[in-house]
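Using the sequences plus the hints, can you model the full thing?
Listed here are the chains, written in short residue letters.
There are 2 protein chains.
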Amino acid sequence: MRIIGIDPGVGRVGYGVVEADGDRWRAIAYGVIATEPGRRPADRLLAIAEALEALLRQTDPQAAAVERLFFKANVTTAMAVSEARGVILLVLGRRGLNVAEYTPTEVKQAIAGNGRADKGQMQAMVRLLLGLPAPPAPDDAADALALALAHGQRFRFDRRIAAGGRGEEAARRV
Amino acid sequence: MRIIGIDPGVGRVGYGVVEADGDRWRAIAYGVIATEPGRRPADRLLAIAEALEALLRQTDPQAAAVERLFFKANVTTAMAVSEARGVILLVLGRRGLNVAEYTPTEVKQAIAGNGRADKGQMQAMVRLLLGLPAPPAPDDAADALALALAHGQRFRFDRRIAAGGRGEEAARRV
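In order, the protein sequences belong to chains Y and E. Be aware that the first sequence starts at 1, since it is given in this note's numbering, and climbs by one per residue. Be aware that the second sequence starts at 1, since it is given in this note's numbering, and climbs by one per residue.
Incorrect hints may have been included.
[Stated by the list, open to error] Computed footprint of chain Y on chain E; a stretch qualifies when at least three of its residues, placed anywhere within it, have a C-beta under 8 Å from a C-beta of chain Y:
1. 51 to 60
2. 113 to 126
[Said to hold, decoys possible] Sample of chain E residues lacking proximity to chain Y, with all beta carbon distances greater than 12 Å (derived):
3. P8
4. Q109
5. P135
6. D139
[Said to hold, decoys possible] Calculated Cβ distances over 12 Å to all of chain E for the following chain Y residues:
7. G11
8. A27
9. P41
10. D43
11. T59
12. A84
13. P104
14. K119
15. A137
16. P138
It is worth saying that the hints were derived from the structure and are not from the lab. For every residue, glycine included, the Cβ atom is placed at its ideal position computed from N, Cα and C.
Listed below in structure tokens is the structure:
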């Protein structure tokens, strides 16, 4: 079971691909898709689509989670990020992936057990869960890994519920 | 010279394709791409992309104009429309089309000579410019036709400037 998590943006799209390894998770790939600030919006969206398509071909995930945006302040930024998010949803959908959406609070709750966990706590938990030698960087990639892990945990939880009386063993076979 | 104009939305994407016919313009196609409210956001974006791709294959425009959004009030709506807008920019870009962006005020100025023209004035001007038997409907399609016409007028104006001393005749050969 491979899951891709994506933290949308225009200048930087964070991504993280994790795989179930027994009852643990390991990181397959993580990083950012960066686009040049000087380029036209349509060209930046095209660059994001192409890089994401290549990443999906390389890592072949079976599920996807994308951060749900909540903006209060800057509507212009919210609209630009949403354009990128639309492109990301389209590319994932075209590959036949169901896309789960989580707010940052939901991800923090799932990973750190606290919806208001700070950046340091989150990075420490992601590092621990994936057995990484150091906290994952940059931030956008760490956020994307956390999204993928949050989705993986929900997926396992749903399986455990579905498995019912068959207990823990079923939940491990993700 | 064929131009497609697009008025982005989630539930309804207006489109209009116009073609230069001597010193006049005629409508090749106009209407809306509608998506079902009950479907998931990713599925609605996929439906928009597929319908737009089919429309581009059928009408084969050489230029595109998309409405630039300015939202003050509802950020949630602004973000949803921006997701659709991102998908539209991607589909146009993938077809190799340069995308011009205009605000509603710029379109009104170009078509009616008044940035604050009302809906009725705009529909009357679009009808007149395209020689249509009745005002174009629905509104989203009329807005999209106005966008395409505004871009066509700028295109002609730029040519006239470029033609310099060669005068009016050059401007007509669009």
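Results of checking the hints against the structure:
1. Check result for the segment 51 to 60 of chain E against chain Y: violated, 0 residues qualifying (beta carbon to beta carbon below 8 Å, three or more required).
2. Only when three residues or more bring their CB closer than 8 Å to a CB of chain Y does the claim for the segment 113 to 126 of chain E stand; here the count is 0, and the claim is violated.
3. Separation of P8/E from chain Y is inadequate, the least Cβ-Cβ distance of about 10 Å not exceeding the 12 Å criterion.
4. Distance check on Q109/E: its Cβ is at least 22 Å (rounded) from any Cβ of chain Y, clearing the 12 Å threshold; non-interface status holds.
5. Distance to chain Y confirms P135/E as a non-interface residue, since its nearest Cβ pair spans about 30 Å, more than 12 Å.
6. Every CB of chain Y lies more than 12 Å from the CB of D139/E, the least distance being 22 Å, so the non-interface label holds.
7. The claim that G11/Y lies off the interface holds: its Cβ sits roughly 14 Å from the closest Cβ of chain E, which is beyond the 12 Å cut-off.
8. Non-interface status of A27/Y relative to chain E is upheld: no Cβ of that chain comes within 12 Å, the nearest being about 25 Å off.
9. Against chain E, the non-interface label of P41/Y is violated: not every CB pair exceeds 12 Å, the least being about 6 Å.
10. Annotated as non-interface, D43/Y brings its C-beta within 12 Å of a C-beta of chain E; the closest such distance is 7 Å.
11. Non-interface call for T59/Y relative to chain E: holds, since the shortest CB-CB distance, roughly 19 Å, exceeds 12 Å.
12. A beta-carbon of chain E comes within 12 Å of the beta-carbon of A84/Y; the shortest separation is about 6 Å.
13. With a minimum CB-CB distance of about 15 Å to chain E, P104/Y clears the 12 Å threshold, and the non-interface call stands.
14. For K119/Y, the non-interface assignment is confirmed: its Cβ lies about 24 Å from the closest Cβ of chain E, beyond the 12 Å cut-off.
15. For A137/Y, the non-interface assignment is confirmed: its Cβ lies about 27 Å from the closest Cβ of chain E, beyond the 12 Å cut-off.
16. Chain E leaves P138/Y outside its interface by the beta-carbon criterion, the shortest separation being 23 Å against a cut-off of 12 Å.
Hints 1, 2, 3, 9, 10, 12, counting from the list given before, are not met by this structure.
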